[in-house]
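Asks: Single-letter residue listing:
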Amino acid sequence: MRSPPQHCLFLIASGKPGFAAGGFAANGFGDLSPGKSGLLAGLLTGLVLTAIFLVVILGSTSSRAPVGFAPIAIGLPLTMIHLVFIPLPNTSVNPARSTGPALFAGGEYIAQLWLFWTAPIAGAAIGGLLAPLARRRQRTRADGGVSGAGGVGHHAVRPMPPPHPGPARPPSRQTSLVFVGLLCLGSAAACFLTRGPAGLIEGLATAGNLTLTVLPVMVPALFLAAVIQGGVGRERIGRLLGAESGLRGLLLASAAGMATPGGPMAAFPLVAALAAAGADRGALVAYVSAWALNGVSRILIFELPLLGPEFALLRFAASLPLPVLAGALARRLPLEGRVR
Amino acid sequence: MSASALLVWAAALAALAVAARRGRPALFSAAAQTGTSLRTILPTLALALPAAGFLTVLVPDRFAAALFGEETGLAGHLLATLVGAILPGGPFVSFPVVLALWQSGAGTAQMVTLISAWSVLAAHRLVVWEGPLLGWRFAALRLAASLPLPLLSGLAAEAILAALPPGTVGR
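So the protein sequences, as listed, match chains A and B.
Per our numbering, the first sequence runs over residues 1 to 340.
Per our numbering, the second sequence runs over residues 341 to 511.
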């Protein structure tokens with residue numbers, strides 16, 4: 001049968017194949033829920049997910065957040081919220097969006113509408129209370145803590161202020177916590193939906209075993225990282241590099257990159273300073289690659305406890321010579337590569 | 341406790357001796373920093389470990405093995421490069437994901453490629469940090485020069501694994 005465009009519209013509106021009038025994805029619990037989940041499930045997920053969503057929105061649109069990334073930061077959690085939340089009451093994080101379809105679907109949907117007003121509004125209030133708390137703690141911590149974007153905190157080495165205060169701001173520890181929290185919550189919900197309570201128990205048992213292997217290595221690894229960070233000062237790294245050229249420059253830059261502790265906030269300003277001091281682009285690329293690939297402090301703090309010493313050592317050995325290669329390649333590439 | 345865990349403890353004891361020789365302030369500051377790190381890491385870890393457990397349950401065994409298994413060869417390495425490059429978030433998001441894939445049958449060398457790609461290509465870090473702080477010209481040069489690195493590290497890991505007795509790097 002040929003389908004004129006209005007059929008497609010109807011298909012979208014009904015949310016089902018075929019031509020039965022559907023609920024326009026109206027929210028409901030009990031028999032009206034797509035997964036037949038109850039009142040409590042709708043209430044709890046509505047509270048928690050709206051609260052998390054509000055924290056993400058307030059955090060990503062605050063003046064301290066990188067400018068222009070709010071749509072990504074807000075869109076991805078919303079996608080995840082839908083993935084988790086549609087099978088329960090068809091997702092309700094917005095009373096207005098819950099009301100419209102309910103008016104069209106009518107009947108029981110209107111009788112249940114109260115929940116999809118109460119849960120998101122109460123959840124948003126909780127989120128609104130949590131967000132400023134996170135912001136206040138962030139201010140007192142200033143630059144400390146474990147950063148979310150691919151690095152380790154910079155406790156021992158005081159980061160120097162970035163030479164060009166651009167739009168980027170350090171993602172706070174709270175952002176990282178929210179990300180991991182979302183991952184944990186989403187995977188738990190997905191486990192529950194696909195395998196039921198047994199899935200949750202199996203996941204927690206795996207996590208328990210993992211904890212037993214991670215914790216005994218974590219403490220000595222953190223101490224090792226602390227001693228290494230204490231011994232390598234920024235000034236020493238700067239002196240190591242200077243304006244050495246040739247293969248020797250690349251080797252020194254790789255060694256310095258591996259020794260640099262901390263996240264992007266610690267490493268990138270140093271790159272800018274080195275460029276100003278006359279280091280060539282090959283050495284700078286080797287430095288950044290070595291810091292990213294084989295940064296000793298990140299390996300000690302994260303990779304070794306979580307994936308095991310054997311794996312960490314294997315990856316370290318396999319990537320040890322690569323930063324020099326990247327540096328040599330960068331010298332030959334027909335790109336300008338100027339640090340601003 | 342495994343033999344490798346004992347090795348880490350031995351290294352930490354050696355570091356303790358080094359710090360003690362540097363003097364009392366160095367020792368105290370290292371100890372204090374270990375405490376600070378633990379305090380900042382433990383709350384995240386308390387969320388990351390359950391996440392890793394749930395993800396392990398979720399990833400169907402055949403899926404991980406079919407996409408990243410040892411037999412997938414070059415295609416597995418290339419896919420791992422792509423996934424690693426766009427995997428968002430910090431180490432507490434990426435390592436649980438890798439752990440879940442690895443436990444569900446992904447190849448060890450392919451996981452080396454994935455972590456290398458996540459650490460050196462890192463699309464999210466490029467956009468949020470490197471471009472704004474160092475300028476897009478440098479970011480482009482660095483990205484171009486590092487493109488082959490994840491694959492090379494994975495292939496090198498494969499060569500090292502082939503030389504080791506089987507089962508040395510276990511899951």
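It cannot be assumed that every hint is accurate.
Unchecked claim - Just some of the chain A residues that point at chain B, by a computed CB distance under 7 angstroms:
hint : residue
1    : Leu78
2    : Leu193
3    : Thr211
4    : Leu212
5    : Ala273
6    : Leu306
What the hints contain is simulated information worked out from the structure, not anything from laboratory work.
Where a beta carbon is used, it is the ideal one built from N, C-alpha and C, also for glycine.
Asks: Does the nearest C-beta of chain B fall within a distance shorter than 7 angstroms of the C-beta of Leu306 (chain A)?
Replies: Result: holds, 4 angstroms to nearest chain B Cβ.
Asks: Checking hints one by one. Is Leu193 (chain A) an interface residue toward chain B, by the C-beta closer than 7 angstroms rule?
Replies: violated (10 angstroms)
Asks: Is the interface hint for Leu78 (chain A) satisfied, with its Cβ closer than 7 angstroms to some Cβ of chain B?
Replies: violated (15 angstroms)
Asks: Tell me if Leu212 (chain A) is really an interface residue toward chain B, meaning its C-beta lies closer than 7 angstroms to one of theirs.
Replies: Violated: closest Cβ of chain B sits about 10 angstroms from Leu212 (chain A), beyond 7 angstroms.
Asks: So, as I understand it, the hint says Thr211 (chain A) touches chain B; can you test that by seeing if any CB pair is closer than 7 angstroms?
Replies: Where the cut-off is 7 angstroms and the nearest Cβ of chain B is about 5 angstroms from Thr211 (chain A), the hint holds.
Asks: Once the shortest beta carbon distance from Ala273 (chain A) to chain B is found, is it less than 7 angstroms?
Replies: Violated: closest Cβ of chain B sits about 11 angstroms from Ala273 (chain A), beyond 7 angstroms.
Of the hints listed earlier, those the structure fails to meet are numbers 1, 2, 4 and 5, in rising order.
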